[in-house]
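Residue numbers (the numbering used here), protein chains in the order written: chain A, 1 to 145; chain B, 1 to 121.
Keep in mind that the hints were calculated from the coordinates and are not lab data.
Check before you lean on any hint, since a few could be wrong.
With a Cα cut of at most 25 Å, we get these calculated DMTMM-like pairs of lysine to aspartate or glutamate [said to hold, decoys possible]:
1) Lys26(A) / Asp52(B)
2) Lys143(A) / Glu91(B)
3) Lys26(A) / Asp27(B)
4) Lys72(A) / Asp27(B)
5) Lys70(B) / Asp18(B)
6) Lys72(A) / Asp19(B)
7) Lys26(A) / Glu120(B)
Below are the chains, spelled out letter by letter.
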Amino acid sequence: MSDTKCKSRDESGVVVTITEEWHVGKSQRAVKMLALSIGLSQVSIYSLATSVSELANNLFFHTNYGGTITLKVVRKNGRAGIEIAAADKGPGIADLDSAMLDSFTTNGGLGGGLPGVERLMDEFEIASQVGVGTWVVARKWGKCS
Amino acid sequence: MKIAILKLRGILLTSIQDDLSDQDALDFQRDVLQKITDTEFNGLVIDITAMDVVDSFMARVINDTAIQAKMLGTRVILCGMQPAVALTLIEMGRELLGVETALNIDQAFNRLEMLINEQEV
């Protein structure tokens, strides 16, 4: 990975609103472009795309009015990374501990979406309040120094 | 988006692309099952060479399709998974994909023909 890629300064975030199913693909493409621009490895890019896909699908399938995926380049200690933030306005997750369990599902899916994202990403935070909304922030760091 | 289901040497061959919606997935499953019933072919190859992202939704679609086809007595092999997809799937965790796999279409066909011959003996 070349240093020039790490030094590029494009810190503008991308916001993708998820209200329809095809927006999921749109968010996937957006995160791939952003990850490519800071020179992340192919496996990291696939991990990011899969994570965004899970989170965007959650916004589409589990919320009342959809939500937003915000993607941005973040930097810490000379390393560049991608931050994914998913936010929605409800219904919120009643039992966060269960939601983070593999094979827990409320819609007949496979379950494992959220815990999968936690494993794929380097940092993962989730907060939720019933009737208010859910926020997920996850980051994947590159190897640049 | 319609997914083509091709007939080749007594085996059905289909290739899934990215950006499959829920409705596309259901249509695809219905088409596959109909084709199996119509042609009486007893092998199905699902190729995912073009897929960058296999998330839990796609994994479910692939698994369900394979199980449904199996119920009709058809052997199913998934092929063409990209290395990065395999890495991602394992990190996602658990046995997301419960289908038999092959590296490419060539090997998938060889394996299926072997399985079908065994069945007939």
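To see whether the hints hold, each was checked on the structure:
Between Lys26(A) and Asp52(B), the direct Cα distance comes to roughly 14 Å. Compliance with the 25 Å bound is thereby established for this hinted pair. Between the alpha carbons of Lys143(A) and Glu91(B) the distance comes to roughly 19 Å, so the proposed pair stays at or under 25 Å and holds. A C-alpha spacing of about 22 Å is found between Lys26(A) and Asp27(B), which places the hinted pair at or below 25 Å, so the restraint holds. For the hint linking Lys72(A) to Asp27(B), the alpha-carbon distance of about 36 Å lies beyond 25 Å, and the restraint is violated.
Under the criterion of a C-alpha separation no larger than 25 Å, the hint pairing Lys70(B) with Asp18(B) is consistent with the structure, at around 24 Å. In summary, the hint linking Lys72(A) to Asp19(B) is supported, as the alpha carbons are separated by about 23 Å, within the 25 Å threshold. For the given pair, Lys26(A) sits about 47 Å from Glu120(B) by alpha-carbon distance, which is inconsistent with the 25 Å threshold.
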